[in-house]
Structures are given as structure tokens and as C-alpha cells.
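Using the hints provided, position chain B relative to the given structure of chain A.
As they're listed, the protein sequences go chains A and B.
Sequential numbering of the first sequence, starting at 1, is according to the working numbering.
Sequential numbering of the second sequence, starting at 1, is according to the working numbering.
Some clues are possibly wrong.
The list cannot tell twin chains apart, which means a pair is met if one copy fits it or any two copies do.
[Claimed, not checked] Mimicking DSSO-like on lysine-lysine, the simulated pairs with C-alpha atoms at most 30 Å apart in a straight line are:
no., residue 1, residue 2
1, K194, K67
2, K80, K194
3, K471, K446
No lab work stands behind these hints: they were computed from the structure.
Remember, predicted model here, so these are calculated numbers, not experimental data.
Protein chains: 2
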Amino acid sequence: MRRYLETIKSEEAVRKILERIRPIEDEELIPTYRGNGRITTRPVAAKYSNPPFVCSAMDGYATTFEKTIEADVTRPVTLKKGSEAVRVNTGDAMPEGMNAVVIREEVEESERFIVIRRPLYLWQNIRMVGEDIIEGDMLVPTNHVMGIFDVSMLISAGVANIHVRRMPRILVIPTGKELIDIYEKQQGTRNQEKRLIDFNSHLLAEMAEETGFQATRHPIIADRKELRDVVNRSVNDYDVLLINAGSSAGDEDYTEDIISDLGALVFHGVSMMPGRPAIFGIVHDKPVFGIPGYPVSAAISFQTFIEPVYERLTTKRIQRRSVPCFTPYKIPSRIGMEEIIRVNLQQHHGRYYVFPLPRGASIFSSMARADGLMRIPENIEGYGEDEEIECLLLKDEADIANRVHIVGSHDLSLDIMRDLMKRAYPEADLLSTHTGSLSGILAVKKGVANLCTTHILDDQKNVYNIPVIEKYLPDREVALVHIAKRQQGLIIRKGNPKKIAGIEDLGREDVKFINRQFGSGTRILVDLLLKEKGVNKESIRGYEREESSHTAVGIAVRESVADAGVAIYAVAKIFSLDFIPLAEEEYDLVVAGEFTKDQRFARLMEIIRSDIFKKRLEEIGGYKTEHTGTVKYGKL
Amino acid sequence: MRRYLETIKSEEAVRKILERIRPIEDEELIPTYRGNGRITTRPVAAKYSNPPFVCSAMDGYATTFEKTIEADVTRPVTLKKGSEAVRVNTGDAMPEGMNAVVIREEVEESERFIVIRRPLYLWQNIRMVGEDIIEGDMLVPTNHVMGIFDVSMLISAGVANIHVRRMPRILVIPTGKELIDIYEKQQGTRNQEKRLIDFNSHLLAEMAEETGFQATRHPIIADRKELRDVVNRSVNDYDVLLINAGSSAGDEDYTEDIISDLGALVFHGVSMMPGRPAIFGIVHDKPVFGIPGYPVSAAISFQTFIEPVYERLTTKRIQRRSVPCFTPYKIPSRIGMEEIIRVNLQQHHGRYYVFPLPRGASIFSSMARADGLMRIPENIEGYGEDEEIECLLLKDEADIANRVHIVGSHDLSLDIMRDLMKRAYPEADLLSTHTGSLSGILAVKKGVANLCTTHILDDQKNVYNIPVIEKYLPDREVALVHIAKRQQGLIIRKGNPKKIAGIEDLGREDVKFINRQFGSGTRILVDLLLKEKGVNKESIRGYEREESSHTAVGIAVRESVADAGVAIYAVAKIFSLDFIPLAEEEYDLVVAGEFTKDQRFARLMEIIRSDIFKKRLEEIGGYKTEHTGTVKYGKL
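Chain A with its partners taken away, still in its complex shape (with noise of 0.2 Å):
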């Protein structure tokens, strides 16, 4: 049994982390107008008044106010330029002995004269010394975070410069035989190497500057004696090392031996998902990390351990958004493991309602997809439906309010009409999420999605998608929208190695198949044609492993995982694919009745309809768009 299978709690592990950290002590002397977002370490004071002297707070001419108290409508007050009245600005100081200024609109002028027909008083229009600032007045105290209109403040109050904390120092440590770095790598067309990108070092290094780490990163190390130098000798100059990743069980997974020999190991091992192998430990009283492998492990790794890290050693807090959300249906979870699980947002009745992204750790696309993280303590097995959560935001609220959610049949389509909406609406967005036909159809059912895409055909009436929602949404006022028609069929490795003729074939020992995910439209017409030519299911290699969108069936193909599989015509093409064309079907969108008065709704039938649109698919192939926009059923 290895060391880090006796995980502690997070909220433990934070707590031993903090225990052994201390906030920098350095300071540094920077000057003021770099001072945005830095710590001060002193209080600072005004060295002078603000403003300095008394100065005019008007354009106009400065004078003194026992000359003019006669002054009168039908008496005017003549005043001599130089010597009883001088010009002021904005700003001037007030020349000696005066006390008043008059707006330079309110008098009439001459070339030597004033002439002033209302009383002024004492200290019109004039700006005391220190009327907004006063010499030695403390302007902000110690471990303040200084912001824009601080820096402003200060150099208005004379002090040039001020004492901050200085900025705490990451190191990023890239460990692995298997990685490469990006910017090394051969340019070709296809990864041949067979090393993954090193994106974890990016990952860590980015965070950590957005954070507020001055964050370096290390070349990848794929040397255990390299990596124990390198820890060594950078204790010395940096306030927190990450190894990334080398923290689970394998061959070179070091990290922990290292801190074990350099310094002493803390913990190796949290009750946590994703995240569960992080190590820690102190080397010459510094905190050195093991970040586990798996990028999502990794971003909530830095999350959950090293942004308290940061705020202990700065002193300065993480401002954190989260907002109150609801289940829309049971989110399951393990007892004794604590889940963050990455989620999307959509907006119902006033409500958020959290849609959770795929879990596994190496799935990192859905934390760029995601809005927000939910976190399932490990006292419990989950959430029923309609319970309140708190979700982390990683979005900004009015982007999720403004984007539109479809979810449903996959298209490549959905991705063009995104990039459209993105064109003319930068503030819009459009979220798709791949659930296949009847999964959007009854997400619109249930009012959780109000747009959703299908490509369903009835066998019996020979219609596409019309039928499908007669039967589920009987009650629903709906419309359904044409999107294209696109061409389906078999896609095959190039030169057809295999000698696959039709769907007949799949059913051949020596023919492996790739399907699509049960509810999907693909999966309704890949078991309507088996039916149509006799072909068993059972009989066919491959027919249980599921793939959830057509590009997904296209890399199976290419990458021989599988010798056959159904998808559009467009997939075989990009990844140069063989095509033997079995339907030509419908791709349809269906809308929830209340969302076609909705302005962005209005804005993606606009897109829809664009002439561009039609023009980017065609150029796609397999696509016609005769009918593109057409409403089909129900009416907008």
C-alpha cells in the first residue's frame, strides 16, 4: 500500500499547509503609480496638503472681498487689473493679500479694468490649503491593497513612492519522460511523437500570475536526480515550488521521495476529486507542492491549496464569486471523497440551475467550458433534486445570461453558427451540449433547455423530427426550425482497407465498429437501417462503445480504433475519411414557445438565416440549405 492512499481532508491539508507558512517579510520601495494592486508594508502619509496652498477653484480674477461689498447691479464695482484684480486659472495659487475670486463669466472686462456688479465673499471660489488632503494625514494603513484611486491619492498628497510586500515567487516544475514542450515541438500536421503537450506548466504558471505570483516555469525535467537539484537550489529563490507532476504511484512519480530527503513531507494524499494525489512539504522552510498529472487535478489543486498559500504569504485575500444554484435533477457522489465538479449554469425563472460537465480529471476542455465549480462534501453521497447549492463562479454572470443554450444532436453547424453569433454580437455567446436528439428534446419537455437540435426520423410516416415531437411535447407550444440537410453515412478508413460495402457489413468478425450514444439521432437510424437489412446487433464488434459526437466517430476511424462507424459527410472529409453514403436526414431545431420572443433567439434566427451561414456549411460539404430557416412546425 503506497503513502498516499491515507488521504486527510482538504480542509486538513489546508490547515497543515497554513500552519507552516508565514507572510513575506520583504519589503520593497517602488514608485507610487506601479503601485496598483500591490500591499503596503508601512502606513503611508500625506507629505504635503492637497492642494498645497490656496489656489483659485475657478477661471477668473483674483481680488479681495472688502473691495467689492459695495458692489451692486446699478453700483458697480470698477477694479484695476494687476494691482486690485489678477487673472486666475484653475489651480493658480492665490497671489498674496487676496482672498476672493469672481468667475471670469461674471465679470465685464476691459483692457485695464473689471467691473463686478454683486458682492463677493470671503473665500469665494478659492480652495483652502488641504481642503482634500492634509499634510501627515495617514492615507492608507499597513497590508492595504492599493488600487487605482489609491495610487492617484498618493502622488496627489506628494509621496512618490511607498513600501509594498514584495511579490511572492513560483517556481512551476514540468516533470515527465512523456511530455513535450509546445513551443519546442515539431510544427507538423499531425503529433507523431507520441509525447503530450506539457499544457499543466502553462496551466499552474497562469494561474499563479492571475493569481498574483511572479511565476516562472521551468524547462520539463525528466530526471530524477536533475529535478532533486533543481528543488534544491530553487528554495533559495522562491517562495512556493510546484512539481507537476510526478505525485501518484508511478515509476517517476519522485516528488514525494525527493521532499522526503530534501526536507519533510507533510501529507501525500486528500480525500479529494479531482486533486487526490497532491503532496506536501517543506524544503529550507519553504513549501514545496506535488500537482497531480491530470490538468483538471491540477487547476483545483491550485484552487484548493496554493491560493490560500498566496493569501498567507501576501496577506491580501482572493475575491471569490459564488452564486446560490439549484439541481435540476440527483448528482450522485461518492461517500468519504469530497467532489468538485465542474458546471454549467442556465437561468430558469429567476433561478440557477447547475448542469454538471463530464468529471474525469483529463477531460480539461469542460473547465474552459464550464461557469462554475460545485462541491460535494464527503460526508454525503450527493444531491437530490432541487437542493440549493453554492457554485464558485468561473464566468461572468451577464455572459451566461446572454448567451443561448442548445442542447440535443451534435453539428458541426452549432459551432459555425456560434462563431456568427460571436461576429455580430461579441457580448453573445452559444453554448451547445451534446446530449444527442431525444435527451434535448426532453430537457425541452421538462423546461430546463428552451432550444434543442434533432435529426429523428419516423420509420412508420418516413418524417423527420415531426413525429418525435407530436409524441413528446403534445402539450408544449413549440416551433421547429430548419437548420439543413445533411448527409449521413458509413466513414471508413481511406482506400477502404477492410472492403466494408454497406451496413450489411458490420455485422463481419473482422470489422469493428464504433456507435454513437443510445437516444442519439445517429443511433435511431444506425438500428433502423440494421433492421432494414436483417443485421443482429449482437453480431456486430463494437456496438456497445459509444462515442457522443460525429467527430468523435471520425478520430475512432482515423486513428483505427474502430474499421466503421456512421457520421456526417463533413467528418469524413476533414479527417480524409472514405464515405458510403446511407441517408439523407434533417437537422432540425426545436424552440420552447416562451423563447421565440426572446432577443436572443431573434438574434440566432437572424444568423441562421444569414447568407453566411448557408455559405460556411456548403463549404463544409454535405450540407443543402434550400430550406435553411424555414419554420417546419409550430410558428415563431
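Only chain B this time, still in chain A's reference frame:
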């Protein structure tokens, strides 16, 4: 009548500006890892799948699942290392022909063999090609604002460089003979030159950088011809020009003329305060702004006009956070003029209440102090009590929540408390609002403040503070904590040039007095002493001139605005003034009963009772701290 008096509404001004601005079309190719915050100009597709090949998902042995089908606890399968079972780590490419991985912890190993006691299934512990990202898939669309997770996702998909929109460039041009640059200025102990430190250009440049501009500060220009040349030249290199100030009606306000001369003036003057004299025009297709000279006006003008310009130039939306708030009392405003008012926010019973700060456009420190900005539209005469309004947040809500707010009497000890509070609890803070003792007590009475400071003498009883509490807060549970005894006295210029001997000399014709505001403890003391000495208030020159803090009185005397004032000893010491002791008074803290259980109050008490607090008070001088921290009335 000057042109700028013909003002337009701010909404119309923004409309006129945006009509004339197009998004930046230049794009640049940058390394993906530098992409955080940048905006894509093209859709970005995955170059490689992630993973790009079939690889192991765990550390263990790769094998073929078919060989393990018969494995069982009692009939283990033995596989030969090298040929039948190949050692793999997470991320290693799968050896040709192998299709499952057994985790290292689940095998028994010898030098040449591994033993398996459980059958594997096809693709077990294997990551398929494109499990995360599929080659060719659109990862981000056009006009996408890149986040740190997008950056890592693109790198994982082999995208080494991305096309992004060029950052918008802005030039800030400070103008005016009255200005001096803080970094060129002689660093004396006093500002002798009678020139104002230019901090607006730092302010505008900081705001521009924070918004997302590449900002450049031009050196200060004092000459009209030079300004004309700089504008004429710079419109070629920058997307936006800000001329500051030169936007009102003074001698040197030539921004309007230069714009009209080189291009076309669009407007001069907006019915908005602060920010009224704003100017906008187009020179060689580039927007040129005249930004008002008062710093608060400059900041509000930037937010109102330049932030929308940034959004238009880049297509990126600026995140603005606002919260619903309530007015604790009537807040008047001039009809026909939109007003933007700086406010502090205070939470009471789950609602935010707004407390307006001084409205003067020259009081910039209140911009740094403000938690938010409230807007009063031009078509109403302000808000009544308890009206709901929306406030733009300038500070984080958590910072507001963690803060203690003390209203009432001003004393230097408040700054020391604040500094010590933030040293001990960096996430905390102390906000003090100097309303004078009596207003502070009334704020506690009204329930809009939990803490106030006071030093009011009851001349009948000759007792400080307790009588006034008994009088104004008879039915409120409050406690009174002693902060310090302090010396009040007459402050006069060094050497006593007017030969002032005591309070009785304030009635002299040649003596100018500076008073404190009505309701302040010091004002009450002054009135008591005058009564005692039989001096008639009306005979005192300057009796009606009020300042709201001890230091403001100090500076008025030092700057010869007045000959005498009443303030604490510390002020005399700080400003090198002479001091004639008048009274030793008790400066105390009133705390509302319900707040005594608050953690923030516990922290405050800890600070007040600390040795370092007493030590620092005594260092300033004029304080006695024997009883500091004792409870004089009520209980904690």
C-alpha cells in the same frame, strides 16, 4: 455665453461618441500562453486531438484484455514482462496491439512476470484519442475573450499561436502651466513652488490600463502650439487621445479650438456632475477627448465615456458590479443635472445603506474612500428616505462586510487603530467618518451606526460623555469604552506673533479664528470656555468658519488662514505650532449593545487594549492612556 454651457445629456453624449467608433481591425499573432484577456479575431480549431494518441490513463502494465479473460483469484494469469505486459506510466502511448492497462497496485510482480487475478476489459484504463479534444473542433469562436483555461486548452490541442485583436492604444496628455510632475519635482519637505502635482494623468493612465488599454502618458504640455502639434501627430499612433484638462472656459482651455481646427468638434459640455465640461471630437478619424481637470470629474468622465469606447474598439464587455442599496435619509440633487455621487456602503439588517461622501469634484480622496457610486438622474430632485437605488461597486463586498465603521469625533487615534487593525487582521479594516461627536451619537440612536466616538463635556456635572449618552440614548443598550485622555488647547503660529495669551484674546479685532463644525465636541468645548470667560461669539472673526477635523484646523493656522484655533496637542506638535492648554478631555467610544458580540468589535477591543496602541498614542504626544480600554458605562 461659452459653447460648453449648451450641455447635452450623458446618454446622448455616449451615443454620439459610439456612432463614430468602429472596432479595431488590426490583428496580431501572439504565442497562446500570452493570450489571457486577449480577444480572438478568428475561430480557433484544435490542431491535434487531446490525447493525440491512445495512451495509458494509469501507471501500470499494458497488455491485451483477451489474455486476461480467464483470470480469477484462484486461477491467476501470469504474463511475461516485455512481450505480454509492458510497463507504462500515465500518458505513455499504448504499445502496438495492446488494448488494456492493469493498475500497478493490482498486480503481483516478479522480475520477469506479472500476475493478474481479475479479468480486464477492452480499453480498460486507456484514454482514447480525442477523449478531451478532437482535432479540427472549434475550441473558441471569433471575438472570444480568452481566459486562462482557454489558454491551456488551446495549448493542449497543439495551438501554439493565436490571432488576436491588437490592444487599443490611448495617449493621456496632461496640460497646464499650473502643473508639475511628481517625479521631476524637487523633493523638499514642503511644496514651495505653488504648482499642483499632476496626478490626473496618472489616474487616467491607470484607469486606462486597468480597463485594458495600452496607455501612454505624455509629459506635461504648457504650450498651445505644442499641444496642437502633439494632437495632430498622435492621432496616427493612438486609437484614443485624452487631453486633460483644457476643457472649461479659462485662458488655457484650448482643447475645443484645437479639435475644431484639426478636425470636428462633436460636443462640449454634458449635463452631468462631476464631468460637466467634457469635450469630444474627431481628428483624422480618431476620437479626441477633453477630460475635465478636477480629478473626480476626470475619473467619472473616464468611466462614462472612455469605457464604452474601449468596449466598442475591442468588442469586449467591461464587467460592472452593482448592488441594490437604500437611502438612509433624503439625498437632494439639482433637477436638470445628472449627479454621480461617491458613497460608502453600510449593511444593516441585510440591506446596504448609502452614505454620500463630499460631492466636490476637487475632493479626490473621497474617490479612494468610496465603496461605490450612485447616480441621480437629471429628471429628479434627488431621492427621499428609504428609496431603493442601484450602486456601482468600487470595492469588494467582503471588504465592506469585514470592516468596522466608526462615526463621530475625529482623533488621530483612529488612524492608529486602523493601522494596527490591518496589521493584525489584514482582511479587516476601519472606516471613520468625521461627523463630530453629537452627529455620531445621533447616528447610533437612529441605528445607522454601531460605533461612534465622542468627547462631550456636561458643564453642570463636569463629566464627559456619560450625560450625553443618558440624554440621547436612554432606551438603547450601549456601552462606553475609554480610548484616551487628551489635551485640547489653542494652537497658534510658532513664536506666537499675535501674542495670544488665552481664549479671551479670540475676541480681539486683529485675531482671525478658525472654528470646528457644529455638534463637534471641540466646538462645544470652545463655546463653554467662551461663556466662562465672557467672550461674545459675535465679536470673534472667523467664528463662522468651520473645519471638520483637528488637522484641518492645524493646517489653517500654519498657512495663516487663521491665527488661532482649538485642537489637540498632537496637531500642534505635528505642524510645529505653539500650544496653550485649555482642557484635558476624555475621548471615548460608544458601542451599540447588539454590536458588542460582533467579531469585528472583539478585534477592535483587542487593538484598543493592546500595549502597542497605547505606546503609539503616547509617541504622538498629548495623550494619557492609564485607563485606555476600560468600560466606563454599560457593559460588553
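Up to 30 Å CA-CA - K194 versus K80, copy category
Cα proximity of K80 and K194: across copies only (24 Å, versus 90 Å in one copy).
30 Å Cα threshold - placement of K446 relative to K471
Answer is within; shortest intra-copy Cα gap is 14 Å, inter-copy 64 Å.
Can you give me the call for K194 and K67, within, between, both or neither, at a CA distance of at most 30 Å?
between (92 Å within a copy, 25 Å between copies)
Hint violations for this structure: none, all hints satisfied.
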